[in-house]
Amino acid sequence: MDREWGSKPGSGGAASAQNEAIDRRERLRRLALETIDLAKDPYFMRNHLGSYECKLCLTLHNNEGNYLAHTQGKRHQTNLAKRAAREAKEAPAQPQPHKRKLNLKKIVKIGRPGYRVTKQFDPETKQRSLLFQIEYPEIEDNSKPRHRFMSSFEQKIQPFDKRYQFLLFAAEPYEIISFKVPSTEIDKSTPKFFSHWDPDSKMFTLQLYFKTKPPEANKPQPPPAPNGTAAPGAPPRTLPPPPQGLPPPPPQGPPPGPPTANGPRPMPPGGNLPAPPPPPASGGPMANFTHGMQMGRPPMPPPPQGFPGQQMQGQYPPPPPPNMG
Numbered sequence: 001m002d003r004e005w006g007s008k009p010g011s012g013g014a015a016s017a018q019n020e021a022i023d024r025r026e027r028l029r030r031l032a033l034e035t036i037d038l039a040k041d042p043y044f045m046r047n048h049l050g051s052y053e054c055k056l057c058l059t060l061h062n063n064e065g066n067y068l069a070h071t072q073g074k075r076h077q078t079n080l081a082k083r084a085a086r087e088a089k090e091a092p093a094q095p096q097p098h099k100r101k102l103n104l105k106k107i108v109k110i111g112r113p114g115y116r117v118t119k120q121f122d123p124e125t126k127q128r129s130l131l132f133q134i135e136y137p138e139i140e141d142n143s144k145p146r147h148r149f150m151s152s153f154e155q156k157i158q159p160f161d162k163r164y165q166f167l168l169f170a171a172e173p174y175e176i177i178s179f180k181v182p183s184t185e186i187d188k189s190t191p192k193f194f195s196h197w198d199p200d201s202k203m204f205t206l207q208l209y210f211k212t213k214p215p216e217a218n219k220p221q222p223p224p225a226p227n228g229t230a231a232p233g234a235p236p237r238t239l240p241p242p243p244q245g246l247p248p249p250p251p252q253g254p255p256p257g258p259p260t261a262n263g264p265r266p267m268p269p270g271g272n273l274p275a276p277p278p279p280p281a282s283g284g285p286m287a288n289f290t291h292g293m294q295m296g297r298p299p300m301p302p303p304p305q306g307f308p309g310q311q312m313q314g315q316y317p318p319p320p321p322p323n324m325g
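Numbering (UniProt numbering), first residue to last: 1 to 325.
Note that these hints are calculated values from the structure, not bench results. One should not assume that every hint holds.
[Stated by the list, open to error] Cross-link-like lysine-lysine pairs, in silico, DSS-like; alpha carbons within 30 angstroms at most: (1) Lys105 to Lys180; (2) Lys82 to Lys119; (3) Lys99 to Lys55; (4) Lys82 to Lys126; (5) Lys180 to Lys126.
Modelling step: build the complete structure from the supplied sequences, incorporating the hints.
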């Protein structure tokens, strides 16, 4: 057998472990050269023998792949850290940028100032206003009180409530005081919103007006409920008046009875029913006749009470003649 085991005719023999390691190193070298540019490496040097040297570690390498593997090793990384520390120590000290320092004043607070709050109402504009008068008798010289508005979400003393805001007053050496006012929009026009500091009486005055809400005249009415009832809070609906000049409806009589054999008699032109015939004489052939006792015939239904649409009270049509057959 003139060929190695496991190989095919026309191809090389099976790769050994040594050949696989050489191929792997060559493949890694090509990948490293694609990502790392050795021309920019300050420690990479090629000598006159065709091999490569590391000027930092003073090591000799046969090829570029071996040098790239050396740069990722512990020895090369340790020498890089030492070189960076030595250069940082020998470098001249750079001037640090000037940072402005804020000197906080240490002032002893003497308490809260006296104040007076007046509620006002303008009958012409229908606006409500507040007048604040704060007294600072021990205020520092050449200083004025300050004020600002604070949202309910900026403070952490009371629970958050979007319906209110806070108005703060501050002046040294007094403590900061605040007032809880509605969060309605404030009218910032000049004649209504103003502040004044009186240096003689040491009183700070601030007046503010709240804007009025727009009228709700154009507010759409709520739709009626599906079942016909009015929505809660809506005024009751009034019924329209009945039309004038129409006669009252005629009274409705009882429903007509079932039709009889002979049918109802027509109404005479005069509008009154004819009088029933007089009863027969006592000696005639009808003397022994009794209504409702005919043999061989069912009892007659009650006579109709009137024509449709009319009501007959106390008048009944005469009974039909008896069947003598």
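For this session: Take a quick look at whether Lys82 and Lys126 sit within 30 angstroms of each other, Cα to Cα.
Result: 81 angstroms, violated
For this session: Take the C-alpha atoms of Lys82 and Lys119, compute the straight-line distance between them, and say whether it is at most 30 angstroms.
Result: The hint is violated at about 76 angstroms.
Exercise. Are Lys180 and Lys126 close enough, with their CA atoms no more than 30 angstroms apart?
Worked result: Holds, because 22 angstroms separates the two Cα atoms, which is no more than 30 angstroms.
Exercise. Given the hinted pair Lys105 and Lys180, is their alpha-carbon gap at most 30 angstroms?
Worked result: 28 angstroms, holds
Exercise. Regarding the pair Lys99 and Lys55, is the alpha-carbon distance no greater than 30 angstroms?
Worked result: Answer violated: Lys99 to Lys55 is near 42 angstroms, above 30 angstroms.
Violated hints for the displayed structure, listed by number in ascending order: 2, 3, 4.
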